[in-house]
Amino acid sequence: MARYETILPQLYEILRPHGQDGQALSEETELVADLDLDSLKVMELLLEVEERFDISIPLNIVPDVRTIGDFARQIEQLMEHR
Amino acid sequence: MALLKKFRQLADARKALTKVSEDPFRVTIERLLSPTEAVVNGRPMILAGTNNYLGLTFDPQCIEAAARAVREQGTGTTGSRMANGNFIGHLALEKELAEFYGRRWCDVFSTGYLANLGVISALAGQGDVILIDADCHASIYDGCRMSGAEIIRFRHNDTADLHKRLTRLGKRCANTLIIAEGIYSMLGDRAALVEIAALKQEHGAYLLLDEAHSLGVLGERGRGRSEEAGVEDSVDFIVGTFSKSLGATGGFCVSDHPEMELIRYASRPYIFTASPCPSVIASTRAALRRLRTEPELRLRLWANARRLYDSLKELGCRLGPEPSPIIAVRFGGGEEAIACWNSLLQQGVYVNMILPPAAPDGGSLLRCSVSAAHTPDQIDRVAKAFASVKATFSP
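Quick mapping for you: the protein sequence lines, in order, are chains A and B.
Just so you know, we're using the numbering used here here: the first sequence kicks off at 1 and counts up by one.
Just so you know, we're using the numbering used here here: the second sequence kicks off at 1001 and counts up by one.
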């Protein structure tokens, strides 16, 4: 079962291409404010994350995901309830 | 001041748009000349973006039925059916729609938007799952949000993706509603319904199909994509609208599930909205009779749709994947679409402009909708206007 600590580095890997060159990513990095993701990019990102972790992410959780850390916690929960 | 601050972004976007374009939200139809022609913003215009698929908005039988209803029953119902009672026309239309689809139950709503809102939000609730095609209409998304169910998107018309997501849900499929559209409103493509219906059966889920753009357009009797695909028995709920092929305003849902009759008691968009006006119900009933008895309307519609699709394809326009009465010309960026839309308007052709993020894949569209009432000459004039636009903007 993937845990928060193992999910985080995979999220960094997926998100790195969306950041500015050399931008450091952390649990506190905000998806919209820091990475400047628009709604379309968020949808693309969801598909990529779903593929990577073999989960379906309900749209309902999107408003609760502000930081990369939030995202990793939601993924962890979805994998636990699979 | 803070309450209204969020509108600043909209105002800026509109200001930027109207610097380079006529305001698409201020297109004013000043005078209608026929189902396919009007005076728009002071200019004579071919209407090629109105969803008037069977061209019945000026049908003499529909107009007479509406006029008689106004004279006999007045201009409005002034309240909801729950509080103020049914007009006999509401019940008659529900019976006729149920008969048309060969279903036991039908609920009529005041608009197609409310039909999706009302049915989806009553059917699914907390603990349930809704699987929606990514390209579904905003009314479906809004109904899903209102339901409180878990909302999961599957890739547009990608049945392998749908299968994967159903498999992940496992036993929860019994509480899952799959939603697709007969013809998708943006690109005019059909649902992969044979495969979707098979997946629905295999996993034991429910299936709701929105036939808003396919009623009167597809199927031998005009019942839509589910009839054309031969899978009507697998579709639990069919939602439709009166505002396209039937030339009025309103919506409905038909089903064989007896719970359909109870949905009207559990659906806020049904309970708390004024019921459709007698004139609207009367013209819709007349239009449904025309749709049922005159398949030649569909033949004319498809001849026109293929004529325009083929002409635009020959011009090298990037179109939706298959001919249909919705013909979407795709553009990468919004600027080119805006320029082309304005040029078409100058030449007397009105189509719909769809800008990001409303269009699929972040692109832009000019969307034509073809009518059985268009003449071949009008179709050719639309194609000719696109030809001049292509020459100007996409050498």
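Worth flagging that the hints you see were computed from the coordinates, not collected in a lab.
The reader is advised that the hints may include incorrect statements.
Said to hold, decoys possible - Here are the simulated DSSO-like cross-link-like pairs (lysine-lysine), alpha carbons at most 27 Å apart as the crow flies: (1) A/K41 - B/K1005; (2) B/K1019 - B/K1006; (3) B/K1313 - A/K41; (4) B/K1015 - B/K1005; (5) B/K1384 - B/K1313; (6) B/K1390 - B/K1313; (7) B/K1384 - A/K41; (8) B/K1005 - B/K1019; (9) B/K1006 - A/K41.
We went through each hint and held it up to the structure:
| no. | hint | in the structure |
| --- | --- | --- |
| 1 | A/K41 - B/K1005 | holds (25 Å) |
| 2 | B/K1019 - B/K1006 | holds (21 Å) |
| 3 | B/K1313 - A/K41 | violated (30 Å) |
| 4 | B/K1015 - B/K1005 | holds (16 Å) |
| 5 | B/K1384 - B/K1313 | holds (12 Å) |
| 6 | B/K1390 - B/K1313 | holds (12 Å) |
| 7 | B/K1384 - A/K41 | violated (37 Å) |
| 8 | B/K1005 - B/K1019 | holds (22 Å) |
| 9 | B/K1006 - A/K41 | holds (22 Å) |
Violation of the numbered hints given earlier is confined to hints 3, 7; the remaining hints are satisfied by the structure.
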